[in-house]
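With the hints as constraints, model all of the structure from the sequences given.
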Amino acid sequence: MNIAVCLKQTFDTEAKISLNSSGKIDDANVTRCINPYDEYAVEAGLKLKEKFGGEVTIVSVGGEKTPESMRTALAMGADKGILIKDPVLEQADEWVVAEVLAKAISQIPYDIILSGRIAVDDQSAQVAIRVAEALGLPSVSTVLALEVEENKAVATREIDGGTEVIEVPLPAVFTAQKGLNEPRYPNMMGIMKAKNKELKVLSLNDLGFAEAPARKSGEAVYSLPGARKAGIKIQGEPADSVRELVRLLSEEAKVI
Amino acid sequence: MAKGIWIFIEHHDGLIRKVSLELLRQAKIIAEASGDPVTAVVLGKNISSVAETAGTYGADKVIIVDDEKLGDYTTGAYTSVLNKLARDEEPLAILLGNTAIGKDLAPRLAHRLGVGMASDCIGMEADEKDFLKFKRPIYGGKAFCELTLTEKPIVATIRPNTFPSGAPDAAWKAEIVKADAVINADDLRAIVKEVALAASLRPELIEADIIISGGRGMKGPENFVLLEECADSIGAAVGASRAAVDAGWREQKFQVGQTGKTVSPTLYIACGISGAIQHLAGMGSSKVIVAINKDPDANIFNLADYGIVGDLFEIVPLLTEELKKLR
Ligand SMILES: Cc1cc2nc3c(=O)[nH]c(=O)nc-3n(C[C@H](O)[C@H](O)[C@H](O)COP(=O)(O)OP(=O)(O)OC[C@H]3O[C@@H](n4cnc5c(N)ncnc54)[C@H](O)[C@@H]3O)c2cc1C
Ligand SMILES: Nc1ncnc2c1ncn2[C@@H]1O[C@H](COP(=O)(O)O)[C@@H](O)[C@H]1O
Chain A
1 MNIAVCLKQT FDTEAKISLN SSGKIDDANV TRCINPYDEY AVEAGLKLKE KFGGEVTIVS
61 VGGEKTPESM RTALAMGADK GILIKDPVLE QADEWVVAEV LAKAISQIPY DIILSGRIAV
121 DDQSAQVAIR VAEALGLPSV STVLALEVEE NKAVATREID GGTEVIEVPL PAVFTAQKGL
181 NEPRYPNMMG IMKAKNKELK VLSLNDLGFA EAPARKSGEA VYSLPGARKA GIKIQGEPAD
241 SVRELVRLLS EEAKVI
Chain B
1 MAKGIWIFIE HHDGLIRKVS LELLRQAKII AEASGDPVTA VVLGKNISSV AETAGTYGAD
61 KVIIVDDEKL GDYTTGAYTS VLNKLARDEE PLAILLGNTA IGKDLAPRLA HRLGVGMASD
121 CIGMEADEKD FLKFKRPIYG GKAFCELTLT EKPIVATIRP NTFPSGAPDA AWKAEIVKAD
181 AVINADDLRA IVKEVALAAS LRPELIEADI IISGGRGMKG PENFVLLEEC ADSIGAAVGA
241 SRAAVDAGWR EQKFQVGQTG KTVSPTLYIA CGISGAIQHL AGMGSSKVIV AINKDPDANI
301 FNLADYGIVG DLFEIVPLLT EELKKLR
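Protein chains in written order, with this note's numbering: chain A, 1 to 256; chain B, 1 to 327.
Keep in mind the hints are simulated off the structure, nothing from the lab.
Note that CB positions come from ideal geometry on N, CA and C, so glycine has one too.
A portion of the hints provided could be inaccurate.
Said to hold, decoys possible - Simulated pairs of lysine-lysine, BS3-like, Cα-Cα distance not exceeding 25 Å: (1) Lys219/B - Lys233/A; (2) Lys229/A - Lys294/B; (3) Lys135/B - Lys216/A; (4) Lys287/B - Lys233/A; (5) Lys216/A - Lys152/B; (6) Lys324/B - Lys254/A.
Said to hold, decoys possible - Covered stretches of chain A (chain B as the covering partner; in silico rule of three or more C-beta atoms under 8 Å from a C-beta of chain B): (7) 89 to 97; (8) 236 to 243.
Stated by the list, open to error - If you want the footprint, here are the derived chain B segments under chain A, 3+ residues with CB under 8 Å: (9) 111 to 119; (10) 133 to 145; (11) 148 to 162; (12) 255 to 269; (13) 277 to 286; (14) 314 to 322.
What follows is the structure, given as C-alpha cells:
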C-alpha cells in the first residue's frame, strides 16, 4: 500500500502575527511546525504502512524552511519526501497549490492520499479536496476513523450533529480531523534515520509544467484585528454580579 | 452573460438551515443594488416543500433538483449536479454556508469549475471590479484577509451567524424551475453506509445564537450538567475547551477552537476557560463574550466584554436562575 501525505509547514499556533513593510504576513522569526492536522495524516499513513507494507511519501509545496518539518515526518517513520519549491509559488492560491500537488503525486505510485482537514495558517480547507478533484479521485473529508481493505476504504467522517460512514474505492483522498489518532513523537533512532532518507526538491519545471498554473484569486489584502475595547469586570457579591451581568446583556448588549 | 447570485440551500428533515436563510437575505441586499437576481438552489429527494419555503425568503427563482440519488449528501453527486447547472446557467456567484456539507462541497465544485474560492468568510460586500469582496479570518483570527475572486462563478462559504436571517413572506412568489440530476458515473463511487445523528434538543454548535462553554475549571464531566441547565434556560448550545475534551469530559464534537469548531454566536459564555490563543481561534468572532473565571488575571478577561471574577460553581447556578426569570 503506497501512501502520499500532503504536508504543509505552518507557523506555530502560538506565533504572534504581524505585517511586514509590504503589508504581507511577516514570516521572519517565527517558529514553524507541521500543520497540526497534517500530523494526524502522517500518523494515519504510518499505521497503514505498518499494517499493509508499502511506502509513505511526504509531499509538500513550500520554501526554504519546509524541509525541517518534512524531516520530522520522516523521523516519525515516513519513507521519503518530495518538496516542490519554486519562486513563482510564493504567489500561489489554493488552486495553484492543488494543481502542483496533484501533478507531483501523479508521478509516484499511490493507493491512498492523506492530508489535514485544514491548514491553521490560511484556514482554507480547500487544497486536499481540490487535489482529489484534480486527480479525479473520490474524497472523504474530516475523517475520524479509517478502515482500509484491499481495494476500498470505509471512513467515518464528522458532520454537523453527528457522524457519517462512507465507503469509497481506492485510490481516494482522506482529510484528517482531530480524533483520528494520536500522532507519535519521533524517537532518537527515527531522527538519526531521517537524516539519510531521500528528500527530493523539485521546481515546477522538474515536475513538467511548461508554465506555472495561474492563480484564480485576486490579490489578498491583509489586516490585523483592532484592539478589543476593554471589557467590564463586574465586581461585588456573586448574586449582585450575576444580576448586573444579565441586566447588561439584555439592556446594553441586547443579546438576550 | 453571467448573472445573479446563487444560494445553495442546505436542509435537513424538510427544514432549511439557518445559514442558508442568512445568505438569502444578504444576497438579496447585494443583488438589489446591482440589479442581479437571487436564485435558491435546492438539491435532495422529495423536496418540493423545501423549494417552496426557500421561495418565500425573497429569492427571485428557485432551482430544484429532486432525485433519488440526492437523498443522502455525497460529494460526487452534488458536485456533478451543481457543476452542470452552473455551466449551463452561468451565475456570477455561488454561496454556501460554511457547514460540514459546504466545506466539503465548495472546494470540489470550485476546482471542477476551474475557479478560486473564499472559505469561511465573515464578511461579504459588493466590489466594483470583481462583483464581490470577502473578508476572512486567518491564523486563528490573529489576522484578516480581504480578497476578491477573478474568475466567475465566484464560489464562497460564509460562516454561520455572520448575517441576520430574514423573515418569510408567504405572499412573495418565486419562479420555481425543475432541473434534472445529471450525474457522471465516476461521481457515484462513494457510498454512504450510515448516518448517525446524535439526538439533541440543543442547537447545533456552529449555528447557535448563544453558547455556554466549560473548560478545565469544570473539574469533571459530572459538572457539565450545570452548564446544560444554564444553556437550556435560554436555548443555548454547550461547548468545551480542548482541556475538557482531552480529559474525556466532553466529546470532541463539542470542542471549540483551532482544532475544534469555529463558532460565531451573538453571545459566548466561557466558564473556567483561561482563554488560550487556540481557544480564541474558534470563538473570537463571537459578538459578545462573557468570562466567568476565578483567576482575575486569566487571559479570557482581556477578550471578554463582560467578566465576573468568581467561582463558577457559585456563579453558574445563580446565572441559570436569573436567566429563567427572563422567560
Ligand atoms: C496545536 C494546538 C491546538 C489547540 N487547539 C485547541 C482548541 O481547539 N481548543 C482549545 O480550547 N484549546 C486548544 N488548544 C489548547 C490550549 O492551548 C489550552 O491548553 C486550552 O484551551 C486550555 O483549556 P482551559 O482553558 O479549559 O484550561 P486551563 O488553561 O487550565 O484553564 C482553566 C481555567 O479555569 C479556571 N478555573 C478553575 N477552577 C475554576 C472555578 N471553580 N471557577 C471559575 N474558574 C475556574 C482557571 O482559573 C483557569 O483560568 C490547542 C493547543 C495546541 C498546541
Ligand atoms: N503547500 C502545501 N503543501 C502540501 N500540502 C498542503 C499545502 N497546502 C495545503 N496542503 C494540504 O491541504 C490541507 C488543507 O489545507 P488548506 O486548504 O490550505 O487549509 C492541509 O492540511 C495539507 O494537508
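Going through the hints against the structure:
1. Lys219/B - Lys233/A: holds, 24 Å
2. Lys229/A - Lys294/B: holds, 22 Å
3. Lys135/B - Lys216/A: holds, 17 Å
4. Lys287/B - Lys233/A: holds, 17 Å
5. Lys216/A - Lys152/B: Within the cut-off at roughly 9 Å; holds.
6. Lys324/B - Lys254/A: holds, 17 Å
7. 89 to 97: holds (count 3)
8. 236 to 243: holds (count 5)
9. 111 to 119: Coverage by chain A holds here, the residue count being 8 at a Cβ distance below 8 Å.
10. 133 to 145: Coverage by chain A holds here, the residue count being 10 at a Cβ distance below 8 Å.
11. 148 to 162: With 4 residues in contact (Cβ-Cβ under 8 Å with chain A), the coverage given for the region 148 to 162 of chain B holds.
12. 255 to 269: That given contact holds, which follows from 6 residues of the region 255 to 269 of chain B lying within Cβ reach (below 8 Å) of chain A.
13. 277 to 286: As far as the region 277 to 286 of chain B goes, the hint holds, because 4 residues have Cβ atoms under 8 Å from chain A.
14. 314 to 322: holds (count 5)
The structure agrees with every numbered hint stated previously.
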